[in-house]
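Trainee: Taken in order, these protein sequences are the chains called X and G. Residue numbering for the first sequence follows numbering that gives the first Met the number 0, starting at 0 and increasing by one per position. Residue numbering for the second sequence follows numbering that gives the first Met the number 0, starting at 0 and increasing by one per position.
Hint data in this document are derived by calculation from the structure and do not stem from the laboratory. From the three backbone atoms N, C-alpha and C, an ideal C-beta is built for every residue, glycine too. The reader is advised that the hints may include incorrect statements.
What the hints assert, rightly or not - One side of the interface only, derived from the structure: several residues of chain X facing chain G at Cβ under 8 Å:
| # | residue |
| --- | --- |
| 1 | D54 |
| 2 | P69 |
| 3 | F72 |
| 4 | T74 |
| 5 | H89 |
Single-letter residue listing:
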Amino acid sequence: MIYVYAVAEQLADVGGLTGVQGEPLTLVPFGGATAVVGEVTARPLLDPETLRAQDALVRMLHDRARALLPMRFGTSSSDRQEMLRSLAAHHELLSHLAAVRGCEQMVVRVLGRSSPVDLHVSAAASGTEYLQALAKRHHAAPQLENFVRGVGDLARAVKVEPSPQPGLIGTVYHLIERGGADEYRHAIDRVAAGLSGVRVLVSGPSPPYAFA
Amino acid sequence: MTDRPHPPFLPTPPHPSDRRAVSALLESPDTSLIDLVDSLLDKGVVLDGEVVLGLADVDLVYLRLTLLLVAADRVLPPKGQ
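Could you build all of it, start to finish, from the sequences and the hints given here?
Mentor: What follows is the structure, encoded as structure tokens:
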């Protein structure tokens, strides 16, 4: 079984690195990029140790690559040919790689009081209903917009996820240039200081999981 | 490869007491757990391929964190189900 960890650009080598089952890593070229895979005997189990191991590996790969898109935990193929067919069918991977080139991800979770709303969009019965649900999500957490605007030019891209859970207003994912984490944190601190009833948790830098 | 974005261990909406606990969980000493769950289980590239999770030895903390943190439209069943 082929276990897929990431798709990377300009990843020189994987010397000294092994997969979550201790297996050697292999670089499989496709379309100008490289898939980082390992051959495992069984699908890795979902447990804390394996999650940590995969995340640690993806971070090290990210450090060695010009651009990297992490795969979701559990992504596997029965064999290499099937994996290559699947990758080839996703032309958008290459443009996504270009978008994260030289970048890393920062995350700010915004805590505070928010109005509980129904944030379901996938259950919409019509296109109009879907768009209305999206608009509802957008307006559900206006506090998050402060953190979108507040980082200014530091962010190459942003994703906002309002939360349906009381206490967590939502999460904002920013794609910033590598090495910009300190400046980012200062910017977030400035935004948070200007808001009442809101606290933030900032994490990162990390590989661009939310932009993969 | 087949995609299974809805992990099979998440059929139940979070209990109100779990919802109230979100701030406490977010401020737990090991907030890296949150990032792990958020990043590796809910984000990342999903091919039309297969994302299958082995379920043995799943720690309850992960179930709880996942319920709290994964976007609702990806976790909770549509209304009426």
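Trainee: Would the hint on H89/X stand, with a C-beta cut-off of 8 Å toward chain G?
Mentor: Holds, because the Cβ-Cβ distance from H89/X to chain G comes to roughly 6 Å (cut-off 8 Å).
Trainee: Mind checking the CB of P69/X against every CB in chain G and telling me if the closest is under 8 Å?
Mentor: 5 Å, holds
Trainee: Going by Cβ atoms only, is F72/X closer than 8 Å to chain G?
Mentor: Where the cut-off is 8 Å and the nearest Cβ of chain G is about 4 Å from F72/X, the hint holds.
Trainee: Are D54/X and chain G close enough, Cβ to Cβ, to be under 8 Å, as the hint says?
Mentor: D54/X check passes; min Cβ-Cβ to chain G is 6 Å, inside 8 Å.
Trainee: Would the hint on T74/X stand, with a C-beta cut-off of 8 Å toward chain G?
Mentor: 5 Å, holds
Checked against the numbered hints given earlier, this structure breaks none of them.
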